[in-house]
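If you're matching them up, the sequences are chains A and F in order. First residue of the first sequence: 1, per the numbering used here; consecutive thereafter. First residue of the second sequence: 1001, per the numbering used here; consecutive thereafter.
Some hints could be false.
Claimed, not checked - Below are the DSBU-like pairs computed for lysine-lysine, each with C-alpha atoms no more than 35 Å apart in a straight line:
no., chain 1, residue 1, chain 2, residue 2
1, F, K1038, F, K1080
2, F, K1038, A, K12
3, A, K42, A, K21
4, A, K21, F, K1080
5, A, K42, F, K1038
6, F, K1038, A, K21
7, A, K12, A, K42
Said to hold, decoys possible - Restraint-style ranges between C-beta atoms, simulated for each label pair:
no., chain 1, residue 1, chain 2, residue 2, range
8, A, F46, F, S1132, 48 to 54 Å
9, A, Q59, F, L1213, 52 to 58 Å
10, A, G14, F, A1163, 21 to 27 Å
These aren't lab readings, by the way, just hints derived from the structure by calculation. Remember, predicted model here, so these are calculated numbers, not experimental data. Glycine included, every Cβ here is placed at the ideal spot set by N, Cα and C.
Residue strings, one per chain:
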Amino acid sequence: MTSRVEVFVQLKEGMLDPQGKTLEHALESLGYAGVDGVRVGKWITFEVQGEGREAIERQVDEMCGRLLANTVIERYTFTMREAGA
Amino acid sequence: MSPVPIGVVRFPGTNCDQDVFDAVAATAGAQPVWLWHKETGLRGVRGIVLAGGFSYGDYLRAGAIARFSPIMERVIAFAKSGGPVLGICNGFQILAEAGLLPGALMRNDRLTFVCRDQPLRVDSVRSPFTASFRPGEIVRFPIAHGEGNYVADDETLDRLETAGRVVFRYVDEDGRVTAAANPNGSARSIAGIASENGMVLGLMPHPDRAMSLLVGSEDGRGVFRGLMEAAA
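Extracted from the complex, chain A is given alone in its bound form (with noise of 0.2 Å):
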C-alpha cells in the first residue's frame, strides 16, 4: 500500500516568527488592515510504501520527531490517505 503524507511543521505558539512578523508588515502596507498572527511554517508531503495505518502512522510519527520537525522549536502535525484514493 502506497499512503500520500502531508506533514505540516510550525513554531511552537509564543516562538517569535520574525518571518511571520516581517509579512504581516508587508501585508500591511499593501494595504490589508486587520491581518494578524502571521506565521510561516513548511508542508513536507512524500509517498510512503507499507502495511497497516498504524504501524505508518509510527513511523511518519518518528520521522517527524527525528529530523522533520526540531522539537525544541517547533510542532508538527501530519495528515495520510492511500495514494490514488
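Chain F: place on chain A using the hints.
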C-alpha cells in the same frame, strides 16, 4: 612530544574549514587533520572542530541534515566518551541538532544576517576551552550568521547558568549585557554554551577569525589553545 591531532570536519557547504584548519595549525602543539563527512572513522584525532558555513545548504534547518551524516555518528560517540568537540557557528547549530548541546538556534529576531566584530564576555572558565581566559574578560570575535538566536526553555537556561555552562555572552563595548548589544535576540544574550563536562563547546561567534591582530583580534587563540590542551 608529537603534536596532538585535531580533526576539522568538512560537510558539503562548510566554508570556514580552511580558517579553522589554519587556526589549529597556528596553535602550538596541535596538528590539523581533515575529516570528510562521509568518513566512518576519526583518523585517530584527539579533538574535533565543526567549522562554520552552510552544511547541506542549510536545507530544512541549519545543521539538521549534517547531524545525520556518517561522521557525526562518530563525533557523537567521541563527545559522549569525553573527547573535546568545538562547534563554531554552523558547527554550534549541528551540535544542538545532534542533542550534544541543549536548545536550538533560530532565525535572528531582526531577520537580517549579521556580520560584525562582536564584544563577548567570558562568563565561565570552567570549560577547558576558556581555561586561559579570566572570568569576566571581554574578548572580540567576529560574528556572521542569519540563524544565531539561541532558544531554550527557562528551566534549561537556569540550569545552564547555575552550572556555569553559559560560556560566552554578547555584550557592549563596556562589557554590559544590553538588548542593543544582542545581535540576534538570543535568550539571556547567550553566545556560547558548554556541555555538562565542559568538553563540548558551541558558539556562534568565530574564534577562528580572531587569530591575528592583522584582522583586528587574536582573542580566538585562547579557545584553540584550550582545545589543544583538552585533547593532549
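_Range hint 52 to 58 Å (beta carbons of Q59/A and L1213/F) holds or violated_ = Once the Cβ atoms are compared, 55 Å apart, the range 52 to 58 Å for L1213/F and Q59/A holds.
*Satisfaction of hint between K1038/F and K42/A, Cα-Cα up to 35 Å*: holds (28 Å)
*Given the proposed pairing of K1038/F with K1080/F, does the C-alpha separation stay at or below 35 Å?*
holds (20 Å)
*Lying within 21 to 27 Å: is that true of the beta-carbon distance G14/A to A1163/F?*
Between G14/A and A1163/F, where Cβ atoms are some 25 Å apart, the hint holds.
_Proposed proximity, K12/A with K1038/F (alpha carbon, max 35 Å)_ = holds (33 Å)
*Please test the hint of 48 to 54 Å on the beta carbon pair from F46/A and S1132/F.*
holds (49 Å)
*Can the restraint linking K42/A and K21/A be considered satisfied, given a maximum Cα separation of 35 Å?*
holds (16 Å)
_Checking one constraint from the list: CA of K21/A to CA of K1080/F, max 35 Å. Satisfied?_
violated (39 Å)
*For the pair supplied as a hint, K12/A and K42/A, is the alpha-carbon distance within the 35 Å limit?*
Roughly 13 Å separates the two Cα atoms, so the pair holds.
*Within a Cα-Cα threshold of 35 Å, do K1038/F and K21/A meet the stated pairing?*
Not satisfied, since the Cα-Cα distance of roughly 39 Å exceeds 35 Å.
In summary, the numbered hints that this structure violates are 4 and 6.
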